[in-house]
Amino acid sequence: MYKLQLCLRYLRTRWIAMASIVSVMLGVATMIVVNSVMAGFATEMRERIHGILADIVVETHTLDGDPDAAARMQEIQEVAGNYVEAMTATVEVYGMISFKYRGQVITRPVTLIGIDPETKGAVSPLVTNLTSFTSGRRMGLALEDDANIGCRVAGVLSGSSADTGGIHAGDRITGCNGTAVQDTRELASRLKNAVDQKAIELDIIRDGQPLTLELPVPRPTWNLTADAREHRRAIIELERRRLEWNQPQDIVPAGGTQAAPQPTPPDLNTPPGSQPSPLTPPPSFETIPPPARDFSTPGTPAPLGSDVADLSDPLPARVYLGAGLIEFPIEDKKTGEIRIERMVLSGEDVRITTVSAGRPPEPRHFTATVVDVFKSGMSEYDSNLVFCNLEELQQTRGMIDPSTGDRAVTSIQVKLKNFEDAETVVERLRAAFPAHIYSVRTWQQKQGPLLAAVELETGILNILLFLIITVAGFGILAIFYMIVVEKTRDIGILKALGASRRGIMSIFLGYGLALGVVGSGVGVLLGLVFVHYINQIEDGITWMLGRKVFDETIYYFPEIPTAVNPLTVGWVALGAIAIAVLASILPARRAAKLHPVQALRYE
Amino acid sequence: MRTPQPIPRDASQQARDAWATATSAPVTTEPASPPQQPNRSEKASRLGCVALEKSYRKGDLVIPVLRGVDLEVTSGEFLSVSGQSGSGKSTLLHVLGLLDAPNVGEVHCDGRRIDNLTEPKRDELRNQNFGFIFQSYHLLPELTLLENVVAPLAIRFSTLRWWSQRKAIHERASEIIEKVGLGHRIKHRPSELSGGEMQRAAIARALIGQPRVLLADEPTGNLDSATGQEIMALLASLNEVQQLTIIMVTHDERIACQAHRIVRLAEGRVETVNQAA
Ligand SMILES: Nc1ncnc2c1ncn2[C@@H]1O[C@H](COP(=O)(O)OP(=O)(O)OP(=O)(O)O)[C@@H](O)[C@H]1O
Ligand SMILES: [Mg+2]
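Quick note, the sequences are listed as chains A and B, same order. The numbering used here applies: residue 170 is where the first sequence begins, and numbers increase by one. The numbering used here applies: residue 114 is where the second sequence begins, and numbers increase by one.
Next comes chain A alone, as it looks inside the complex (with noise of 0.2 angstroms):
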């Protein structure tokens, strides 16, 4: 019973044991908030990753592929149809990617994927990673970040999803999906984030009135937007009338109205005047009519200076672009400001290398028109992803079969029903396909090595963060030892009164074992918070340094993200009491070992 009192007796009095508390308390603290704050991370680019890879990737050893894309799918129904809830064929080979950027050709290695947009849509999302989307074009809307709150639409599309949603131009969006956005860039974020992947619910503002609206997300095409149209059409007339005016006798304008020869060479810099700015959205925003027609098919092609097509028409090669390939940060010079400067635009053509399919590969080339950019939040992938559409590149590299129209594919993404069966899938997929031929993995198993050196820093880092509360022990030894010493009389008196050595003993360690519940409980506690309020305590910082800590550009997060692990948490907190116990051992024998008489002596 003394054990107890005295401990208790003893924390409250001594108040330079609350030093070793506090160490204890913001190890664990930090522990946690690092953890979490890891976990975060790695869960959002788990996320990600999956997002770009469906769970289960069936993939041929060859650049040929499969012959016969259908009949595989077929046999992965028959092995696992009730497991799988959509597949997608798809064809993944290298190649290369030139564009001309100010005068000069560029040049990229990429990895070409040949993608259904439909199907692979719904394989992992897919229109949540196109910046046309997050920009709110693919929805017809025009925003601008407004001064006062959110981001104000400047235009609406008439006959887009925004219009018939009910968007009206003057709005302004101050929510996305229930969680308040400040301006485009977060609104981007969060379009990006969107859980749902039908549909998203806008929080807006109109003449002081809060309303909620919800459009339905737009479904993966090939299609351009209509700016993207219309900077197509500012780009190719410029060209029209630059060859023009090179050539004047070889170009004959079939129209003949709009293309008259003019005696001053064109500036490069103004498009004709009845044409919008390329590279600016137009002011007429909303007087933009829908387009004329519908692409859905691609493959007719637009021919340069007809007047049969539309000239804003894209070629019957289209691509998403990874962000990473055509963008770059460049610095103000004036101002400071970091802003991202676009190598090329939605709307504008790229050639494309590649290699045939069959022996020996032969370089192929083609002209695609960007689509869309691709952003997903993972370097690896923005910077070296270019999808291209199946049936163009399955033609381009020779993989449609001439006598049977079979179409061949490298790679078919499955998407199952529940994660839970992938292992049970993956084996019965490797049961039914010989492994000679194909190879069955999850993402997870794709991407083993990303995964497993992130797995790695995390451990490390929490090594290296234990250490810290192990210095805390070793502050605790120090103070135990000292409070010994100071108490060697006391402990001689209870000696004297019959208490045992274990029961000596068990008061430092109570005392230490306290010490860490405190300690770790209240650093539990103060981690814990600190992860929920890590964005405010972000912002609070970036207020106090005038500069953002954690730049949203850079990281493709909104936010920090954070996942707190009830597991991790209990361990940090149950490993910083064992310390505490630990390192009160020892002054914890040495009171015990004290001598009665010469404890009694000491004064």
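FYI, nobody ran anything at the bench for these hints, they're computed from the structure. Ideal placement from N, C-alpha and C gives every residue a C-beta, glycine not left out. Any given hint could turn out to be false.
Short, incomplete list of chain B residues facing chain A, as computed with Cβ under 10 angstroms [unchecked claim]:
| id | residue |
| --- | --- |
| 1 | Gly-199 |
| 2 | Ser-203 |
| 3 | Thr-204 |
| 4 | Arg-374 |
| 5 | Thr-385 |
Assemble the complex: chain A is given as a structure, and chain B with the ligands must be docked to it using the hints.
What follows is chain B with the ligands alone, placed relative to chain A:
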């Protein structure tokens, strides 16, 4: 004066055996004694030592402190040990109270050797049979007077038993504190008490476990003579009323002669034994 509530002793029998075998009545069944009736008057329990030798070692140097001390106290006796400073009085008391082990010789209690018991048993025996009083009081500074007084019982009982009996314990403690005249100081810390009050608190603490022998090491050494006399009167009345065996170390002749018997230590030996008045 009210009948003191009997405080149940610890159930463990081993420690008690050292005492109980010699006496016919087991301690546990000790009846609530009527007032004025000494607790253990009928029992001839004796504490003693035979050929006790104790020396301290300082490197190669051996400092003999006790060189063959034979001593015996019978139950209810008030013995005082006097002698020059450094003659080994405190050491003798410590050895008798099992706080220290002798190099040679034996400590007996009721005919049983107790100095060679295992440590846990000696701790238990000390808790139950000896009450210590020190010159500089030795109260625990973090605890209040009441908590200090009940400390021996807190050590004796497990937490569970403590809680189930805390009422009886506190009642008894208040009674004893009342008896030593500190009823108005129950909630005070030792630092808020005078020397005499602290010594009374120490006496109350020594008494609460119902010990058989009170070992007092210069209980009046730090007090002025009037306060010392008060303490002596308290001890004398305890000895008389409750027939408590007291061994008291002092070098004050006037204090020493208030005991039944005086043992004089010199150079580690018992020099003279005076039968006091
Ligand atoms: N730990 C030790 N190491 C060496 N010598 C010691 C030790 N403890 C005590 N002594 C010596 O033992 C002798 C006896 O000490 P003790 O305290 O028993 O004397 P005392 O008779 O009680 O004296 P006083 O009247 O001053 O209290 C002293 O000479 C002391 O120096
Ligand atoms: Mg002494």
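Output the numbers, in ascending order, of every earlier hint that fails for this structure.
The structure breaks hints 1, 4, 5; every other hint is satisfied.
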